[in-house]
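2 protein chains.
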Amino acid sequence: MAGSEEKQSKAKETKAKETKAKEPKAKATSGGKKKEVKKETGLGLSHKKDENFGEWYSEVIVNGEMIEYYDISGCYIIRPWAMSIWETMQSFFDPEIKKMKIQNCYFPLFVSPTVLQKETDHIEGFAPEVAWVTKSGESDLEVPIAIRPTSETVMYPYYSKWIRGHRDLPLKLNQWCNVVRWEFSNPTPFIRSREFLWQEGHTAFATKEEADAEVLDILELYRRIYEEFLAIPVIKGKKSELEKFAGGLYTTSVEAFIPNTGRGVQGATSHCLGQNFSKMFEINFENEKGEKAMVWQNSWAYSTRTIGVMVMVHGDDKGLVLPPKVASVQVIVIPVPYKDADTQGIFDACNATVETLCEAGIRASADLRDNYSPGWKYSHWEMRGVPLRIEIGPKDLANNQVRAVRRDNGAKVDLPRDCLLKKVEELIENIQDSLFNAAKQKRDACIQIVKTWDEFVVAVSQKKLILAPWCDEEEVEKDVKARTKGEMGAAKSLCSPLEQPEMPEGTKCFASGKPATKWTYWGRSY
Amino acid sequence: MAGSEEKQSKAKETKAKETKAKEPKAKATSGGKKKEVKKETGLGLSHKKDENFGEWYSEVIVNGEMIEYYDISGCYIIRPWAMSIWETMQSFFDPEIKKMKIQNCYFPLFVSPTVLQKETDHIEGFAPEVAWVTKSGESDLEVPIAIRPTSETVMYPYYSKWIRGHRDLPLKLNQWCNVVRWEFSNPTPFIRSREFLWQEGHTAFATKEEADAEVLDILELYRRIYEEFLAIPVIKGKKSELEKFAGGLYTTSVEAFIPNTGRGVQGATSHCLGQNFSKMFEINFENEKGEKAMVWQNSWAYSTRTIGVMVMVHGDDKGLVLPPKVASVQVIVIPVPYKDADTQGIFDACNATVETLCEAGIRASADLRDNYSPGWKYSHWEMRGVPLRIEIGPKDLANNQVRAVRRDNGAKVDLPRDCLLKKVEELIENIQDSLFNAAKQKRDACIQIVKTWDEFVVAVSQKKLILAPWCDEEEVEKDVKARTKGEMGAAKSLCSPLEQPEMPEGTKCFASGKPATKWTYWGRSY
Numbered sequence: 000m001a002g003s004e005e006k007q008s009k010a011k012e013t014k015a016k017e018t019k020a021k022e023p024k025a026k027a028t029s030g031g032k033k034k035e036v037k038k039e040t041g042l043g044l045s046h047k048k049d050e051n052f053g054e055w056y057s058e059v060i061v062n063g064e065m066i067e068y069y070d071i072s073g074c075y076i077i078r079p080w081a082m083s084i085w086e087t088m089q090s091f092f093d094p095e096i097k098k099m100k101i102q103n104c105y106f107p108l109f110v111s112p113t114v115l116q117k118e119t120d121h122i123e124g125f126a127p128e129v130a131w132v133t134k135s136g137e138s139d140l141e142v143p144i145a146i147r148p149t150s151e152t153v154m155y156p157y158y159s160k161w162i163r164g165h166r167d168l169p170l171k172l173n174q175w176c177n178v179v180r181w182e183f184s185n186p187t188p189f190i191r192s193r194e195f196l197w198q199e200g201h202t203a204f205a206t207k208e209e210a211d212a213e214v215l216d217i218l219e220l221y222r223r224i225y226e227e228f229l230a231i232p233v234i235k236g237k238k239s240e241l242e243k244f245a246g247g248l249y250t251t252s253v254e255a256f257i258p259n260t261g262r263g264v265q266g267a268t269s270h271c272l273g274q275n276f277s278k279m280f281e282i283n284f285e286n287e288k289g290e291k292a293m294v295w296q297n298s299w300a301y302s303t304r305t306i307g308v309m310v311m312v313h314g315d316d317k318g319l320v321l322p323p324k325v326a327s328v329q330v331i332v333i334p335v336p337y338k339d340a341d342t343q344g345i346f347d348a349c350n351a352t353v354e355t356l357c358e359a360g361i362r363a364s365a366d367l368r369d370n371y372s373p374g375w376k377y378s379h380w381e382m383r384g385v386p387l388r389i390e391i392g393p394k395d396l397a398n399n400q401v402r403a404v405r406r407d408n409g410a411k412v413d414l415p416r417d418c419l420l421k422k423v424e425e426l427i428e429n430i431q432d433s434l435f436n437a438a439k440q441k442r443d444a445c446i447q448i449v450k451t452w453d454e455f456v457v458a459v460s461q462k463k464l465i466l467a468p469w470c471d472e473e474e475v476e477k478d479v480k481a482r483t484k485g486e487m488g489a490a491k492s493l494c495s496p497l498e499q500p501e502m503p504e505g506t507k508c509f510a511s512g513k514p515a516t517k518w519t520y521w522g523r524s525y
Numbered sequence: 000m001a002g003s004e005e006k007q008s009k010a011k012e013t014k015a016k017e018t019k020a021k022e023p024k025a026k027a028t029s030g031g032k033k034k035e036v037k038k039e040t041g042l043g044l045s046h047k048k049d050e051n052f053g054e055w056y057s058e059v060i061v062n063g064e065m066i067e068y069y070d071i072s073g074c075y076i077i078r079p080w081a082m083s084i085w086e087t088m089q090s091f092f093d094p095e096i097k098k099m100k101i102q103n104c105y106f107p108l109f110v111s112p113t114v115l116q117k118e119t120d121h122i123e124g125f126a127p128e129v130a131w132v133t134k135s136g137e138s139d140l141e142v143p144i145a146i147r148p149t150s151e152t153v154m155y156p157y158y159s160k161w162i163r164g165h166r167d168l169p170l171k172l173n174q175w176c177n178v179v180r181w182e183f184s185n186p187t188p189f190i191r192s193r194e195f196l197w198q199e200g201h202t203a204f205a206t207k208e209e210a211d212a213e214v215l216d217i218l219e220l221y222r223r224i225y226e227e228f229l230a231i232p233v234i235k236g237k238k239s240e241l242e243k244f245a246g247g248l249y250t251t252s253v254e255a256f257i258p259n260t261g262r263g264v265q266g267a268t269s270h271c272l273g274q275n276f277s278k279m280f281e282i283n284f285e286n287e288k289g290e291k292a293m294v295w296q297n298s299w300a301y302s303t304r305t306i307g308v309m310v311m312v313h314g315d316d317k318g319l320v321l322p323p324k325v326a327s328v329q330v331i332v333i334p335v336p337y338k339d340a341d342t343q344g345i346f347d348a349c350n351a352t353v354e355t356l357c358e359a360g361i362r363a364s365a366d367l368r369d370n371y372s373p374g375w376k377y378s379h380w381e382m383r384g385v386p387l388r389i390e391i392g393p394k395d396l397a398n399n400q401v402r403a404v405r406r407d408n409g410a411k412v413d414l415p416r417d418c419l420l421k422k423v424e425e426l427i428e429n430i431q432d433s434l435f436n437a438a439k440q441k442r443d444a445c446i447q448i449v450k451t452w453d454e455f456v457v458a459v460s461q462k463k464l465i466l467a468p469w470c471d472e473e474e475v476e477k478d479v480k481a482r483t484k485g486e487m488g489a490a491k492s493l494c495s496p497l498e499q500p501e502m503p504e505g506t507k508c509f510a511s512g513k514p515a516t517k518w519t520y521w522g523r524s525y
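First to last, the protein sequences are chains C and P.
Here numbering that gives the first Met the number 0 is used: position 433 in the first sequence is 432, and no number is missing along the way.
Here numbering that gives the first Met the number 0 is used: position 496 in the second sequence is 495, and no number is missing along the way.
It is possible that some hints are incorrect.
Since copy identity is lost for identical chains, a pair holds within one copy or between any two.
[Said to hold, decoys possible] With a straight-line Cα cutoff of 25 Å, these simulated BS3-like cross-link-like pairs (lysine-lysine) come out:
#1 LYS134 / LYS117
#2 LYS480 / LYS462
#3 LYS160 / LYS317
#4 LYS98 / LYS324
#5 LYS171 / LYS513
#6 LYS97 / LYS422
#7 LYS288 / LYS98
#8 LYS171 / LYS235
#9 LYS317 / LYS237
#10 LYS324 / LYS97
#11 LYS171 / LYS47
#12 LYS441 / LYS324
These are calculated hints, taken from the structure and not from any lab test.
The following block holds chain C by itself, in its conformation from the complex (with noise of 0.2 Å):
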C-alpha cells in the first residue's frame, strides 16, 4: 500500500519549498530567464535542475507534455505520453502476478463511515484525508459517504465472509484503481496527488510464514520495476515501526533517492499485516486440525508516483529523459532536408527506417512536419525524453547512412543502414543500461556512513543520504526527529537495508549510544 505515504502526509514539515511544485501553471512562470535553445526555438525550459529543482520539475512534466494541471489544487490530468509509461508498467506486472495466481477484482470507490472507522489505529493515520459524499444532486444523503484512501477496510468484511475453511486459502486479489487523499498542502503532480491511480494487492494466507514469502516477492517485482524499467536504482528495506503501514505488522518498500534534493522517496510498498485485520474484520477459517484460526494477510501498492520517480531521477535541463523500455516512441526519425536536396527520397528514407524497426518490434516514428525545422524538432523530442534521434540528411542518403544521437548524453555516431536494426537495437539495450548506471552512481555518491551524532548532523545538512547503525528504538527515532526539524523538514528513517552490512561487535547507535542492533537509511524525503 503506498499506505505509507499518508504516514508522510503527517509529516507536512518535511516538505521544503525547493521540492514544491508551483501551481497552477507552470508556463505562467516562464517570463524570466531563458536558456538560449529557448530563444531558438520557443521551447527549452526557463529553470535549470540544479538552480530550482521544484519548477524545473513543474515545467518539465507540462511542457514535456506528461501533465496538465487541472482546475481542482491537487488533481492533474495524466496525459497520453505519461500514461502510456504507467500502461507498460501494467503490461508487466499484471502477468506477473497473474503467474503467481492473483486475481483481479473490482471493490466500490464507496466506503461507509462505520466499517472504515473499524481499525482504529488505520483509520487515524487516515481519517485527516477522507473525502465524504454528502449530498446527490439537490439531496443531502442520509449518512455520508467516504471515498476510498486505500481498500483495506472496504475489502476485509467479504474476505470474512469468502474465507471459511483452509480450502478457501490463500485468498490473492488485486485491484487497479483511483484512490483519494484529500491532501491539503504541497501537493506535487505525480509525487503526491489528491487522487492517484495504483494497484493494491490483498492477500490472506493459513500461515505467517506463506504471508511472509509473498511479501518479498512482491517487494521483488517493485525492485524490477524501478530498477529494469524506469532505470532508477532502488533499496529493498524494512520500515521503523514509526513508519510502518498504520494498522499492519511490518512493512518493506523500495526506496529511491533524489540526488538534486537530497531527499528520499518511498517507491513501493509491501506490507505484511499480520492478524491484525483479520482480528478486527473477524477473517477466521477452520484449519485442517478443525480448530477455529485466525489469517495472515499482506497489502502492497505501487502507484503513479513511480513516474514523477523516473522524472526526478532522470530528467535534465533540456526536458525529460525517457529509458527505452517505458518510452512509446523509443526512437524518433527525423528528416534534414537541406535546400536544393533531394526531399523526397530522404522522407522516404525516413518512412523505410521507421518501417524497419518497427517490424523488429521497436517504437519507432518519424516527425515528417513540414512547418517545423529540424532545429525545432530536435529540441522538441529532446523535451520529451525520446531515447534515441536519427537524422537523415542528403549526405546521410549519399552514404547510405543514418545519423543517431543519444538523448541521454548527447553522443552522435553514424550507422550504415545495412545493419541499422542491430545498431538501434544495441544503442537503446545501452541507453536503458547507462541511464540506471549513471544514476546509481549519482545515487551511490550520496550515501555516506556516520556513526555519530555529530557526523549525522552535518550529513543531514549536506542532503546525503545516510546510512547508520541504530539501536531500532522508536523513542530514538521520534527524538531524532525533533532535533533535526527545520526549515528543511526532519530526517527520519527510511528503511532498514534487507542486506545489512556487516555489525562489527559493540558498535554503537549513532543517535542514542545504546548498542546498534541494525544498519539503517536516514535523511529527508518525500
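Starting from the known structure of chain C, fit chain P onto it as the hints suggest.
Relative to the frame of chain C, chain P by itself:
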C-alpha cells in the same frame, strides 16, 4: 458514452418489478422451493429464469461468483470471475482503438461545479444523479466538488487549450475509469449501478465527415464485442431525438434484447456531439485557410453493463453460461474416480489433459479437490458457466478417451485422447457459434413488424421487439410513451436500424398516421 444510460434513469417508470434485482443479498431469499439439484448438492438455483427473472438474475450472479452485494446500495463488488471477462473485452478493444491512433490518458475523478454546469442540456440530463464531495476529514470544502458522471465537461476545457491549429487535429483520447451516477431506485448489478467501469473515448476533428466516419468505426467495434465475444446479436442503429445523448448532435447505439423480459437494452453508444460542446468550451482552431473554425466532436463508451447483458441472455436454470471467448476457464477437467479405480492414473490423465490444452492456448483447469464429489463439481462448474466439462473415469482411462459435456446444450461426447486438442478446439468454436445462433433465434422470434396502433399495443403487451414505420417526430414519440405508460413501463423507440428495410411508397406511421420516413425498433427497455 453510456450517456444515454442516464436518459433511461429519468424514465423510472419503465422499470417494472419483474426485472428488479432483489437487494440485499439474493442468498437470503433462497429459503423457499428448491430445484432437485439443489437438494442433492447444496448448489443450484432457487428461482427459474422463466418464472422469476429478477430473482433468478440476482441469484445467478451471486452464486456464479460474478458479483457480491455491497453494504452501500447500488454499489457491487466485481469478483474475479466477472473481472476477467471485462479484461478480455479490454484486451480486444484497447489495441483496436490504438490502431486508430486513439491514445489513453487519465483525467481527474472530480469536476468543479462551474465547469460541470457549462453545457445546459448536458447538465440537465445528469444533475439529479451527481454525487457531491463537500467535506474532507472534519473540514467543509470551500466549494462542493462533483464526481464525474461522464467526462465531457472534465476534458473539454483542456481540448480548448491544446487545440490551436489544424495540425493539432484530430485529437483522439480515451480513458478506462470509473464513473458515478447516484440513482435512487432500482439498481441492478452491471445493468444499472451507482458506480460502474467503462471506457470513454473523446475525439475532436476538423471536419464533420471525419467525425461521422469514426462514430461508425467505433460502433462496429461495439458490435464485435457483443456478437463475436459475448455471442449476443445486436442491432446497430440511430437513436431518436428524444433518446439521444444530452447535448449531442446524434447518437448511434448497438441494441440488445432480453427475450425473457421483453426489454431492449442499450448495449453501448457512439455519439457525434457536433459542434455544441466546442461552442460552449470554445474549442476553436485555425484551419488551412487561416480562418477560425470550431471542431467536430465525438464521444463513445461501453461499460460493465455488457457483462450483465451476457448473463441475462445466456444464463439458464443451472446458472451462468459463458461464451468460450470470454470465459476465464474454458474447459474444466474433473476426475471421476470410482471405488477401487486407479485414482492416480485418473489424476495423471486429468493433469496431462490440462497441460495439452493450456499449451495450445486453451484456458483449461482441473478440479482435483478430494472433499467434493464429481456430482457436486459438475453442478459447481455449471453454475459458473464453464463452456466445456471433461470427465475422466476408469472406463475413459481404459479406452484412452475422455468424456466431454457441453454447458450450452448438455450434449455429451467421447473424445479419443490422441486427437483431443483438435476436437476440443472444434467444440469450443462450435459452442461460441451455437450460443450466438441460439440467442439470435430467440431474439428474432421476438421481432414483430407492426403497421398500426392496434397491432402495436398488442405487440407491446406480448413483450415483442417491435419494428414499425415511423414519422420520426418527437411529439409522436412522447405521445407513444404517454399512451403506453403502465405498471410494466412505457414503450419507447430503441433505435432506427442503420440497415433500413424497404419502405413502400405511401407507408404510414404506426402511431400518427402521417407519412413514415423510417423503420424504427420500439419496445420497453432497461
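Each hint, compared with the structure:
1. For the identical chains of this complex, LYS134 and LYS117 are neighbours both inside a copy (24 Å) and across copies (20 Å), given an alpha-carbon limit of 25 Å.
2. In this homomeric assembly, LYS480 and LYS462 come within 25 Å of each other (Cα to Cα) only inside a single copy, at 15 Å, whereas the closest approach across copies is 72 Å.
3. Proximity of LYS160 and LYS317 under a CA criterion of 25 Å is satisfied inter-copy only: 24 Å between copies versus 55 Å inside one chain copy.
4. Taking the shortest alpha-carbon separations for LYS98 and LYS324, both the intra-copy value of 22 Å and the inter-copy value of 21 Å come in at or below 25 Å.
5. Proximity of LYS171 to LYS513 under the C-alpha cut-off of 25 Å is found in neither arrangement, the shortest distances being 42 Å within a copy and 62 Å between copies.
6. Proximity of LYS97 and LYS422 under a CA criterion of 25 Å is satisfied in neither setting, with 35 Å inside one chain copy and 28 Å between copies.
7. Taking the shortest Cα distances, LYS288 and LYS98 never come within 25 Å of each other, neither inside one copy (30 Å) nor across copies (56 Å).
8. In this homomeric assembly, LYS171 and LYS235 come within 25 Å of each other (Cα to Cα) only inside a single copy, at 23 Å, whereas the closest approach across copies is 40 Å.
9. In this assembly of identical chains, LYS317 and LYS237 lie within 25 Å of each other by CA distance neither inside one copy nor across copies; the values are 36 Å within and 50 Å between.
10. Within a single copy, LYS324 and LYS97 get their C-alpha atoms as close as 21 Å, and across copies as close as 19 Å, so both meet the 25 Å cut-off.
11. With identical chains, the CA atoms of LYS171 and LYS47 are never at most 25 Å apart, being 46 Å at best within one copy and 33 Å at best between copies.
12. Taking CA atoms no more than 25 Å apart as the test, LYS441 paired with LYS324 passes inside one copy only; the shortest distance there is 21 Å, against 50 Å between copies.
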